[in-house]
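Sequence order for the protein chains is G and R. Using numbering that gives the first Met the number 0, the first residue of the first sequence is number 0, and each one after it goes up by one. Using numbering that gives the first Met the number 0, the first residue of the second sequence is number 0, and each one after it goes up by one.
Don't read these hints as lab results, they were simulated from the structure. Idealized CB from N, CA, C, for every residue including glycine.
Away from chain G, derived, C-beta distances all over 10 Å, residues of chain R:
| no. | residue |
| --- | --- |
| 1 | Ala25 |
| 2 | Cys56 |
| 3 | Tyr125 |
| 4 | Thr128 |
| 5 | Arg153 |
| 6 | Ile161 |
| 7 | Glu202 |
| 8 | Val251 |
| 9 | Phe262 |
| 10 | His270 |
| 11 | Gly404 |
| 12 | Pro432 |
Facing chain R, according to a computed beta carbon distance under 7 Å, are these residues of chain G, among others:
| no. | residue |
| --- | --- |
| 13 | Ile4 |
| 14 | Phe15 |
| 15 | Ile17 |
| 16 | Gln21 |
| 17 | Gly38 |
| 18 | Tyr44 |
| 19 | Ser45 |
Straight-line alpha carbon distances no greater than 20 Å define the calculated SDA-like cross-link-like pairs of lysine to any residue that follow:
| no. | chain 1 | residue 1 | chain 2 | residue 2 |
| --- | --- | --- | --- | --- |
| 20 | G | Lys67 | R | Met39 |
| 21 | G | Lys31 | R | Gly303 |
| 22 | G | Lys29 | R | Gly384 |
| 23 | G | Lys31 | R | Ile336 |
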Amino acid sequence: MNQRIRHLTVVLMALFGILFAQLTTWQVVKQKELKNKPGNMHALYSQFDKARGTIVTADGKVIADSIKLPASSNSQFDYQREYPYGDLYANITGYYSWGYGRTQLERMQNDVLAGKTTQQQLEATGDLFSTGDVTGSVNLTIDSRIQAAAEKALGNKEGSVVVVNPTTGAVLAMYSNPSFDPNLLVSHDSNVVSEAATALQNDSRKPLLANAYQERYMPGSTMKVVTTTIGLETGFLTLDRIFKNSRSWTPPNTTKPIRNYGKKVCGGDLAEVFRRSCNIPFAQTAVEVGPDLMVNGVNRFGFDERVPFDLPGAAASTFGGTAKDFADSLALLAIHGFGQGQVQITPLHMALIASSVANGGRMMAPFVVQETRTHSGAPIKTTSPQLWKTTMAPTTAATLTQLMIGVATNGTASCCIALKNGISVAVKTGTAQLNPEGQRQRSHAWIMGFAPAEAPKVAISVFIKGVNDDVSASTGGHLAGPIAKQILDVALPLLP
Amino acid sequence: MSEGSVARSRRRTELGLVALSGIITAAAYVLASLGKHSTMPARMVPFMLFVLGLLACGHVVVRLTAKGADPMFLPMAAFVHGLGFVMIARLNDRWAGLQATWSLVGLLAFAATLIVIERTGDLRRYQFTSLAAGLVLLLLPLIPGVGFTSGGARIWVSIGPINFQPGEFAKILLAIFFAGYLAERRDLIVDGHIRFLGVTLPELRHLAPILVAWAVSVVVMVGEKDLGSSLLFFTLFVVMLWVATERTSFLVMGGGLFAAGAFIAYQMFSHVRTRVDIWLNPWAQESGRGYQPIQALYGMAHGGLTGTGLGMGSPDLIPAAHNDFIFAALGEEMGLIGVATVLAAYALLVGAGMRTALRAQRDFEKLLAVGLTTISAVQTFIIVGGVLRVVPLTGVTLPFMSYGGSSLVANYVLLAILIRISDSTARSLHEVPDSASIAERFATWRLQRAARMSEATQ
Numbered sequence: 000m001n002q003r004i005r006h007l008t009v010v011l012m013a014l015f016g017i018l019f020a021q022l023t024t025w026q027v028v029k030q031k032e033l034k035n036k037p038g039n040m041h042a043l044y045s046q047f048d049k050a051r052g053t054i055v056t057a058d059g060k061v062i063a064d065s066i067k068l069p070a071s072s073n074s075q076f077d078y079q080r081e082y083p084y085g086d087l088y089a090n091i092t093g094y095y096s097w098g099y100g101r102t103q104l105e106r107m108q109n110d111v112l113a114g115k116t117t118q119q120q121l122e123a124t125g126d127l128f129s130t131g132d133v134t135g136s137v138n139l140t141i142d143s144r145i146q147a148a149a150e151k152a153l154g155n156k157e158g159s160v161v162v163v164n165p166t167t168g169a170v171l172a173m174y175s176n177p178s179f180d181p182n183l184l185v186s187h188d189s190n191v192v193s194e195a196a197t198a199l200q201n202d203s204r205k206p207l208l209a210n211a212y213q214e215r216y217m218p219g220s221t222m223k224v225v226t227t228t229i230g231l232e233t234g235f236l237t238l239d240r241i242f243k244n245s246r247s248w249t250p251p252n253t254t255k256p257i258r259n260y261g262k263k264v265c266g267g268d269l270a271e272v273f274r275r276s277c278n279i280p281f282a283q284t285a286v287e288v289g290p291d292l293m294v295n296g297v298n299r300f301g302f303d304e305r306v307p308f309d310l311p312g313a314a315a316s317t318f319g320g321t322a323k324d325f326a327d328s329l330a331l332l333a334i335h336g337f338g339q340g341q342v343q344i345t346p347l348h349m350a351l352i353a354s355s356v357a358n359g360g361r362m363m364a365p366f367v368v369q370e371t372r373t374h375s376g377a378p379i380k381t382t383s384p385q386l387w388k389t390t391m392a393p394t395t396a397a398t399l400t401q402l403m404i405g406v407a408t409n410g411t412a413s414c415c416i417a418l419k420n421g422i423s424v425a426v427k428t429g430t431a432q433l434n435p436e437g438q439r440q441r442s443h444a445w446i447m448g449f450a451p452a453e454a455p456k457v458a459i460s461v462f463i464k465g466v467n468d469d470v471s472a473s474t475g476g477h478l479a480g481p482i483a484k485q486i487l488d489v490a491l492p493l494l495p
Numbered sequence: 000m001s002e003g004s005v006a007r008s009r010r011r012t013e014l015g016l017v018a019l020s021g022i023i024t025a026a027a028y029v030l031a032s033l034g035k036h037s038t039m040p041a042r043m044v045p046f047m048l049f050v051l052g053l054l055a056c057g058h059v060v061v062r063l064t065a066k067g068a069d070p071m072f073l074p075m076a077a078f079v080h081g082l083g084f085v086m087i088a089r090l091n092d093r094w095a096g097l098q099a100t101w102s103l104v105g106l107l108a109f110a111a112t113l114i115v116i117e118r119t120g121d122l123r124r125y126q127f128t129s130l131a132a133g134l135v136l137l138l139l140p141l142i143p144g145v146g147f148t149s150g151g152a153r154i155w156v157s158i159g160p161i162n163f164q165p166g167e168f169a170k171i172l173l174a175i176f177f178a179g180y181l182a183e184r185r186d187l188i189v190d191g192h193i194r195f196l197g198v199t200l201p202e203l204r205h206l207a208p209i210l211v212a213w214a215v216s217v218v219v220m221v222g223e224k225d226l227g228s229s230l231l232f233f234t235l236f237v238v239m240l241w242v243a244t245e246r247t248s249f250l251v252m253g254g255g256l257f258a259a260g261a262f263i264a265y266q267m268f269s270h271v272r273t274r275v276d277i278w279l280n281p282w283a284q285e286s287g288r289g290y291q292p293i294q295a296l297y298g299m300a301h302g303g304l305t306g307t308g309l310g311m312g313s314p315d316l317i318p319a320a321h322n323d324f325i326f327a328a329l330g331e332e333m334g335l336i337g338v339a340t341v342l343a344a345y346a347l348l349v350g351a352g353m354r355t356a357l358r359a360q361r362d363f364e365k366l367l368a369v370g371l372t373t374i375s376a377v378q379t380f381i382i383v384g385g386v387l388r389v390v391p392l393t394g395v396t397l398p399f400m401s402y403g404g405s406s407l408v409a410n411y412v413l414l415a416i417l418i419r420i421s422d423s424t425a426r427s428l429h430e431v432p433d434s435a436s437i438a439e440r441f442a443t444w445r446l447q448r449a450a451r452m453s454e455a456t457q
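Extracted from the complex, chain R is given alone in its bound form (with noise of 0.2 Å):
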């Protein structure tokens, strides 16, 4: 196969993707409208020009920019973006508005991101910078006018206007950080070892900026009383220093370190400990704190293998089901079969970005695709354990489908960065022609003219 048609299938698959994405989001935002007022939407046509207009701006900035990217990326993601987007429309009108203005944003950072960043090294280069920047917004929250608290987490910022979640930025910048940095120094991590009671450890100081990192992000979660940011973090670490070092003693370190912590926090903090004795038994609290869990299990039970239909049956009984909890909403209505296909998208996806990690051929874009993957899987499966009970209950958001523009805006940061890894390898592979991205042909530009203006001076 030659190099351009590569691009060219990778697109086609992707677009031909993305469309059914858009009519599937269109088809249930018409049944949704159907199911609970008996009447086609009201703003039928804007709303499929607004979808198309989005799905469309995306895939053609992935045709510009990333022509070589892996296709499951985009389409994906629309996906479980238009559900969670018609379900959070159908619970509350109001929502519908902001949600769509955040979609909008999503998508400007979407491109944003892919335009900006032409190049994986361009992040490399910015690992300390993303550490600070990471810290920074981690602990934002927590200042005094500018942070609040809000569903008991200390984890909003309010400037001007505008409230957001900056933790759901530090992720990723600390991704970058944890990839540039393991990929620079895993060799030295993995010979510098000591041996303590008779385990290998590495030499402190290699490892002294991760546990820093770590140590403070762990106690920031604390202090901001987020239990699923701090686990994912935490996993986060875990694993790229895993990976990083082929080391199995940092699994084992790790889950150490997971049992003591999550014991000393189970014993010195009481909103943990509600935490643990709804997830074990939320009937004893039917009407208080286990009421919105236990609304969540009646309305998929409700749903059944097949659902009520969208629109038609009443996810509006469990508080906060926009949020935290559009899953549940979204079993009541679409049935096992519809929440499996949208677990099932969500595998697609950490699908795409695993064979990403593992076709990369530079360390710090197999770590960060890895880092950046393991984010988006161990988020979803947090949340969406809490709400079917297989662990207990911590608030984050369903990557792409709860509402709120933080979370939304940075899934397609991320998004964004796994379809640039993905580029760079496909060039690297030589599956796409490795034209010069725009800031390398204007450098060439400049570096060309310089010539010819020193050639015309001589």
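Okay, chain G solo, but in the shape it has when bound (with noise of 0.2 Å):
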């Protein structure tokens, strides 16, 4: 019997073999095709049944955290996601949900918030038996109270605002109105979460959107900037340079005449047509300038280039053309020169444009993570501010601020821009015409700047879209120019 119970001995292990193998082919071989099964959940399962890390303003305050259910919660889950300030951070906090997916900073910084950066695995091993909670946390450039003062400013006007630390290109603040509640996305019942997505995704407006830096808008007058820092780059333009006063003036090949802003004469020296934003003499500067020239300038600006920056999905500005469009049609480019056409920016771009300005031609990329830290407060990654472009020398630079001051003190903001504690200021404004002529007038709001003029702290764009008759039958100076000012006597004495 011996020998019989040796084979069936072999035959026994050799099942345990076969058990072995295909264990193997599962959890190793189709390890990868099995995960990326559509119907795969055990992943995000166990990310909702586990702590999540929070998100934390330079100021300190928690802006996502994830609070642990009481088991006596009906959830199927151990863990609810939660923003405390609701719809005011949600285009940066981005939300993490159960069959919605994740967005923004959820997105971009889930490894750090669920604690699966080797760093942080390592320093679980080392405190296995303390807490076990291995959550990271993401702390940001934004401050709450910056960020509070520009939804305020902002009302119920739609548009967003971008605050900028000109030097470094950290964001200081970023809202857009309308925004939307992530706490309604990242509920367990999934009906308060289809019910409320699905209102989110049908609304023109697109709040889920982060209009800031996803979407953009034609910039109008504030265009100027980037055509009078081309024509001094390029020497087509100087300060002393004369315009005549001119109603309108009729680009090459083409007989359609360009107008100012309200039909108006206007002329003078480069301060005086900046500070006053007559159209005629940007449009002359492009087609001076020329194609090949303009575009390699716009170029220098990040138009036409997605703006390197840590949240995702960030849109390009863009100048509207190649210079072969603009070599084939002057009257374009001289329409582009002043900011009409199809030139589009976004609001965070505008922002940037003014920090380079005012930050002697480096334009900084922008960032939102300060720095990742893991449970016990060990820094993970620290940004770094990084030059993303030289948009022009600093004595042009130096020149463009004396043109903005102008704006500030005795041009088109003048009405509305004067600081607290006669703090001075540099902007422009902006006001896009969006509908063509003879029809009911439609345009956005811009301001962009930065201040204190001689020693920058802060830039910032605001931007008001033009959705209704209120919006349309104001300017730049009078609309954004306000909320600009609200912005900047909140943020100034808060920067060092």
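Hints given; two lone chains; assemble the complex.
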């Protein structure tokens, strides 16, 4: 019998061998394939049963947190993600939803928040028997007081505010109205989630998009900062250049004349036409500089290029054509020279353009994450400021600053931008005409600039969308100016 | 080596391994709690005392009643039992309480078996009783008012507040019968053969009781829709017959019968067809009947090589993860490395069983050890293979791991019998002193007393 028992043993061991081989097939060989199956919710489920790290503003306000649910809760998960400030930071934190995925920082910083970075894993091994919490925190450059001021100043107007530290590129505030309450999207009640998501997706104002950097708009006269820079840098424009007083000007190869805003007569030296925001001088400058140098110039500002940002899906601003397009139609170049036509800029990029003037021509890459930390507070990654573009020489930046001070003290923004304590400010306004001539007036209102003008600490762009008659009847200076002033008055005392 | 030192060394090895199993269980319990709740388990100290108490109790009983037994049996069982319990506790607190109670009952059954059955011959004497009891247990679920259907199989019996699966115990009883019957008649079966179509077949009269036992169990299994147990019984029967007679023709016959039976079952029963279809392509019914096996595969893939860590996966996505699919739940959280260890523990357990069979000096012990070990090995293969899609999924429990009292208690009884055989062999081989059992000492004492009394009266 022993011979048979030995054979039987071999057979039974072979059965275990088969099991082991098949186990290896599922867990190693075909692991990727199975993990990527759309129906595989295991990874997602275990995420929702675990604590998730916090997102914290520069001044220590927790804007995303996860709450341990009591055993009595009827949720199928152990933790509830919570955004204590509702819609205020929705475009920055994004949401981490069951069924609708994750967006913004919840997506970009997922590894840190979930505790998956190598450093966190190593630390977790070290204090296995203390807490077991491996979640990290994401610390932002956003200041809650400036963010709140932006929301308050914008009120019920549709639009965006971006506030940036011009020397580092750190984003101090970024808010768009309308926003949304991410708490609705992270509810464990799938009915609440799908109802909220459907309503938000069907909203024509696109509240789910972070309008401040994922949408782009016609810049209007704020574009003249760019055109003036290119003119000065290429030598086609100097401070002593005098533009004739004129009511209209017809660019080459077309019969359609260009007019100033409000069909006014406008002219004078560069400082005067800049602060009064005449259109014709900048149309002429663009044509004089020519298609190649203009396109080359806007590219130095980062047009038609994705802004390097630590939030996902940043839109690229566009100059609205190639050098060849403009060579074919100088009229188009003339119109784009003062920010009309197909030119489109994101509010974030607009703040960066102001920043580059403030920072001697050095445009820093924007960022919202100051640093990430492990559960015990050890830094994982700290953001160091990065130069993105050199837009102009420091002397040109100094000239632009003088021109923009003129706008604030004696030009299109003089009504509305005088700051508390007499702090000097340099700005440019914009009123972007959306309607063809002769039709109902529709216009966006812009202001961009920085303060204090002589030693800039903060750059800002305010954009008000031209969605109704109230907005469209006013100008960038009158409408966006007071908003910028309110925010700068809050921000400046906070900054060292 | 002196007789005493062999026993001492075996029991020392067992004690060390049992202690290790206890430590692993406790560590896994802590890790699962940390992974799931980020806190130390609330009832850590009572849990530790309970586990260590059970293990110490098991070890002491072996030390007292079977000191020459192979030292691998108890630790390997304790290891898989411990990990299984941790997974059940991690899945659901309520089950954990019940399973803890059943663990206690299981250990008591283990001790009782070792204490009551002091000689393997005790079992042999009751082979026909075993057959009768086994058949009754098998038929019990079919009796209206007592048996009931759960999970598609009518294998449950409800008596008072207790529900149990008598089939778990029937396996052991039938193995005892087969072993006893074949040990007595193997020579007759081998000698008295007929040749039929060039194949050597035993005379029918020698086979009749076994054929009846086999037929009844298979019919009952088909009636109860318990395919896994049916396959298990059949394999047990063929393997024991083959080992006893050393006739390969039985294997061929068994294979043929199995193929025919499988074909007929596939044709006749829709639930068999469904199982085969799901086995071949579960994704065709991803949200239907294929959901459970697919979730198991997803979970194991999520675990990968190293696992998510205990308490940190989502095995609760697999329906009945505590029961038939506990292996997949462990696969998710402990990874390939972890469950390969579990497989290795089962292989070591089977290895110890087969070693016991090889060393056994009496035919009955040999065959019984083969039978019981085959039950454990094949049952493990059927359920783990079902989870891993090696074979169609049939609901049998994973020995010592799955949630459920009947299975746990039956497996501890099975383990105790293997230990008893192993110890008996050690005595036969004079590896340990063949001291008299308690019953024998009592009998001796009575004889001596009778002798003294008759002397006194003279």
